[in-house]
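Trainee: One line per chain: the protein sequences are A and B, in this order.
Residues in the first sequence are numbered from 63 upward in steps of one, following our numbering.
Residues in the second sequence are numbered from 13 upward in steps of one, following our numbering.
Don't take each hint at face value.
As the list claims (entries may be wrong) - Taking lysine-lysine pairs in the BS3-like style, the calculated list, with each CA pair at most 27 Å apart, reads:
1. LYS129(B) to LYS74(A)
2. LYS373(A) to LYS311(A)
3. LYS79(A) to LYS92(B)
4. LYS92(B) to LYS72(A)
5. LYS118(A) to LYS92(B)
Claimed, not checked - Far from chain B, by Cβ distances over 10 Å, these chain A residues were calculated:
6. PHE76
7. GLU84
8. LYS118
9. ILE121
10. ARG162
11. ILE258
12. LYS288
13. GLU296
14. THR329
15. ILE366
16. SER375
These are computed hints drawn from the structure, not numbers from a lab.
Glycine is no exception: its CB is placed at the ideal position from the N, C-alpha and C atoms.
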Amino acid sequence: MITLENLEVKLKGFHLKNINLEVRDGEYYILLGPSGVGKTVIIETIAGLHKQRSGKIVIDGKDVSYSPPEMRQIAFVPQDVSLFPHLTVLENILFGMKIRKINQKVYKPLLDDLIEVLQIDHRLAVFPLTLSGGEKQRVALARALITKPKILLLDEPMSALDPPIRRQLQKVLKEIYIHFGVTILQVTHDQEEAFILGDIISVMMDGAVVQTGKRNRVYFFPETRKIALFTGMENLFGGEIVGLDEKQKQIALNHNGVAFKAFYDRTIPKPPLFFGFRAEEVMIIKDDRPIPEDIADENLIVVILKKVIEKGSSHTMEFEEATRHLPIIAEVPNYVYRKLRYTIGQEMKVFIRKKNICLMEN
Amino acid sequence: MKTRRSLFSALITLALLLLIGFYVILLGYTYWQYHPTALWELIATREIRHAIGVSVVCATIATAIALFIAIPASYVLSRKNFPGKIFIDTLLDIPVFVSPVAIGALLLVFFTSPLSKHFQENFFPIVFAVPGIVIAQFTVIAGLAARMMKSTFDQIPSRYEEVARTLGCSPVQAFRNVTLPLAKNGFLAAAVISWARAIGEFGATITLVGAAAMKTETIPTAVYLSFASADIDRALTMVAILILTALSGLFIIRFISGKEVRF
Numbered sequence: 063m064i065t066l067e068n069l070e071v072k073l074k075g076f077h078l079k080n081i082n083l084e085v086r087d088g089e090y091y092i093l094l095g096p097s098g099v100g101k102t103v104i105i106e107t108i109a110g111l112h113k114q115r116s117g118k119i120v121i122d123g124k125d126v127s128y129s130p131p132e133m134r135q136i137a138f139v140p141q142d143v144s145l146f147p148h149l150t151v152l153e154n155i156l157f158g159m160k161i162r163k164i165n166q167k168v169y170k171p172l173l174d175d176l177i178e179v180l181q182i183d184h185r186l187a188v189f190p191l192t193l194s195g196g197e198k199q200r201v202a203l204a205r206a207l208i209t210k211p212k213i214l215l216l217d218e219p220m221s222a223l224d225p226p227i228r229r230q231l232q233k234v235l236k237e238i239y240i241h242f243g244v245t246i247l248q249v250t251h252d253q254e255e256a257f258i259l260g261d262i263i264s265v266m267m268d269g270a271v272v273q274t275g276k277r278n279r280v281y282f283f284p285e286t287r288k289i290a291l292f293t294g295m296e297n298l299f300g301g302e303i304v305g306l307d308e309k310q311k312q313i314a315l316n317h318n319g320v321a322f323k324a325f326y327d328r329t330i331p332k333p334p335l336f337f338g339f340r341a342e343e344v345m346i347i348k349d350d351r352p353i354p355e356d357i358a359d360e361n362l363i364v365v366i367l368k369k370v371i372e373k374g375s376s377h378t379m380e381f382e383e384a385t386r387h388l389p390i391i392a393e394v395p396n397y398v399y400r401k402l403r404y405t406i407g408q409e410m411k412v413f414i415r416k417k418n419i420c421l422m423e424n
Numbered sequence: 013m014k015t016r017r018s019l020f021s022a023l024i025t026l027a028l029l030l031l032i033g034f035y036v037i038l039l040g041y042t043y044w045q046y047h048p049t050a051l052w053e054l055i056a057t058r059e060i061r062h063a064i065g066v067s068v069v070c071a072t073i074a075t076a077i078a079l080f081i082a083i084p085a086s087y088v089l090s091r092k093n094f095p096g097k098i099f100i101d102t103l104l105d106i107p108v109f110v111s112p113v114a115i116g117a118l119l120l121v122f123f124t125s126p127l128s129k130h131f132q133e134n135f136f137p138i139v140f141a142v143p144g145i146v147i148a149q150f151t152v153i154a155g156l157a158a159r160m161m162k163s164t165f166d167q168i169p170s171r172y173e174e175v176a177r178t179l180g181c182s183p184v185q186a187f188r189n190v191t192l193p194l195a196k197n198g199f200l201a202a203a204v205i206s207w208a209r210a211i212g213e214f215g216a217t218i219t220l221v222g223a224a225a226m227k228t229e230t231i232p233t234a235v236y237l238s239f240a241s242a243d244i245d246r247a248l249t250m251v252a253i254l255i256l257t258a259l260s261g262l263f264i265i266r267f268i269s270g271k272e273v274r275f
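The shape of chain B in the complex, shown without the other chains (with noise of 0.2 Å):
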């Protein structure tokens, strides 16, 4: 018994290492011959620093508008039954099973259509523009968001907030003093792999908005372009980049929430 035990303990710790050294010698074989100094010549250049500025910024508000929608959204799939929620569950899905680029194509379509040309002419312009950007990383992202607040508020039972019902709570007063501060963790992760996920969304971006620079241009869409011009010292250091941003993102999110954030 105490053999088995340990094989299965040894067994799982060796699909760890091999996942931990499958991205560090992917990372180490790139960058062992890497100068960093190329890093920071090329942050030092205004299409870079533009390309993270409209990365991060992109990703925030795409996230905020997400989880705003996705935890009203998912909040309802939790707790209410009703006709075709088997349905309307499964396509949250459809960012998971529809490629980026798929997506991108549809939003593309979607936006050159008559009634939406009236939208960008009169309020903003979406297509082959910024605010294009933070439309199709929230397509990408919202399903997901919805499907992890989800399965967050599927974990805390509705007894909860039937009994803040009975100490005097209304619904939202019971949502707001029970339900979210104990989905505060579920919250958290939602936040942090939304945010990593938009960061680094590429097919759904250049399809529906192009990667102008100084523009358009995102982190991944310019290390894209690198590798289609053969450039392959920048696109590393893009890419590098972009491990850097995202790292330092996730980190600042799990700084702030005061805690380790386990998803």
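So here's chain A without its partners, still in its complex pose (with noise of 0.2 Å):
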């Protein structure tokens, strides 16, 4: 188990304060911002390249604050890989068994599996010049995991790379990630990548980690606008209570006077409040159909059909709540979206279930 304390480090740029983490073993432990917020810098001292001016790093319940690198027994990929240039693929793999001086005969079954599990038999005798980015990466992959380490680091693996690329490389990291049953720490700001990868997601923003929890929480209960703006939640809006039921752990909210019910498991959050859902969640009512009885007391709105965005893999209908002209947008699978045959400017039902509205602060 990896746990940071507190931990404070000052570099060219960055003044990051009070970073407590906790990564049990085997979770694929995921630390999302964006770009420049410092989450390399964490893991980079995780890996032991930077001083931290005050806090803990424990390992193993031992203390390694103070180790030096060599010492710490993680293995750390950073974005750009940094293969050794001088050294074959096989080479680069080997690299830290032949510092540890440790016998060919101890890591031959895990050479074997590595190679096999990260398809790079092939590439073995060739320098690293002539590899293409994701064989790069799968080269770093086995160069980090032959060591066995107690964590793996990974700093943004996929950045650099084709999205076709991409998605294979997260099917590698996955299948590794099961397969070896390391435990890793990865830093992205790639929330898609995250909510894909991760068991734990922690949000970094300003210097400071804002959210920590498993996957669907942060995905679809972030604690504030600006970390549901981040994580792409696209219905936002500012929230009114006008009404509580402590009993059901209801809420009534009204936004510009669009009535909304939603539930919440813990504590209100602080004034102002704002609520969201996200578009996936807006479900559309055929028009031939009734509606349904379990939606009855759900938040069902009538809305005019503005636009539609065609991605590729699903559609994106933005809508306008038809008295007050709110803004709503769903994400809709293609196959319902040919199914619906709606056109620009019709009125339609949408719901959205009260468990899917989330509560959060500014």
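Since each chain sits alone in its own frame, please combine them into the complex, following the hints.
Mentor: Have a look at this one:
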């Protein structure tokens, strides 16, 4: 287990304070945040490449805050992977083994396994210069994993890759995570990648960790409007509390005369209150279908279709609430959109379940 | 656009031809009536063989010492930040902007001081002695070697060393296994340039050690002495020997390196 306790790091252009993280054994932990927020500084500090001003880094109960990188039993794959250009792929992979003078018999089974899982058997004799971006990442992963690290630190591993290669590598990362049971701490600015890969996500903003939680919790229930905007929650509104049912843990909200109902599971966030819901949670009711009984108590809204954006794998439908012109965005899978056959300007009904509305601070 | 490109191409090629042509004309004009037998006759003399030997041995020792010190020194300058770094970096250029004779004068004053006299009495002589040649050559080339090695280290991202550290290397192991192999070409270039500069060194050497035949005479000092005594043929022969010795040394270094050294 890796624990960061009140870590403070000051570097040129960065001052990170009160960073607290806890990565449990076997977790895929994502540190998500916009570019330039200091995510890389954190994992480089865990790797021992920067000195912290205060706070602790504890790995498996041992305080390694002042240990040199080689004593921390971590592996680090930087953004540019930094394969050693003067060594072949195989020599790169075995670099850590040669330095530690580990016998070939010890690492051979793991080496064979890594080469097979990462599909690099045909590239072992070449120099890194001839590798593609995806191959470089695979080799860097093999080089890191063969040392059997307590934690694998990945710094934006996919940022320089084309989308198809990125998707491939996401699968590879998931596979090595499951196959080798390795603990991973990955830094990324890509919220989609974070939600595909991570078990636990910490969101970092303005030099601090602002929310940590399981993937779905962070995705559907951001704690602040800023996090919601960053994680891509399209429907966000300021809200006024107009009713509270403490028994049912239900809250009635008003935004410019449009009423919403939502559940709250913990405490109600401090005012000014905001609420929101993801575009995928906006359900469209077909004209020719009766309104199902189970949604009668949900947020049923009459809207007018304003715009449709084709995105290849889905359609974004932009609506306006019929009387107050509140903008509402829905993300609809292609097959659903094709069945709907709506035209721009048409009136229709959408609903959002109370459990899918998230309350948040500014 | 195509015309502009071909004009540019023609201009840069012309510059190269002018440069090479200048050296070829200089050598060709000087040596067009020169009879090579004079070269072999002069090489056959003990005095000249001694001067060649002193030049080659001293230049090789001075280069080895200069690189031995320049590599770690330039590595520090490349990788670490500390107060006064810019000042120290500028000091490396002293041999570039101070003439070799002035460096020789500084060395002569320094090595005739009471403290260094004491050193020379108890260990080995420097002024007007062969070790002085090594010191004069070292003084002129050390800054140059450090400057070249620093620019080599600057071009190698420190990220490689950081990754090597996370893979289990100590700082020394990271330097030896990653940085040094990556600096190989820069190292060879620094060795070639330093050695060539050392073997041709004249001003600092003659000021510190003089030009005693069969003792401290090097090839460049022999050239000077020949001109000073108006023996033009001997001087030209010595220049030819200097060129041939330097070229042979450079080819040997390149041959050992196994590939072309780019600098």
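Trainee: So, against the hints stated earlier in the document, which numbers end up violated here?
Mentor: 1, 2, 10
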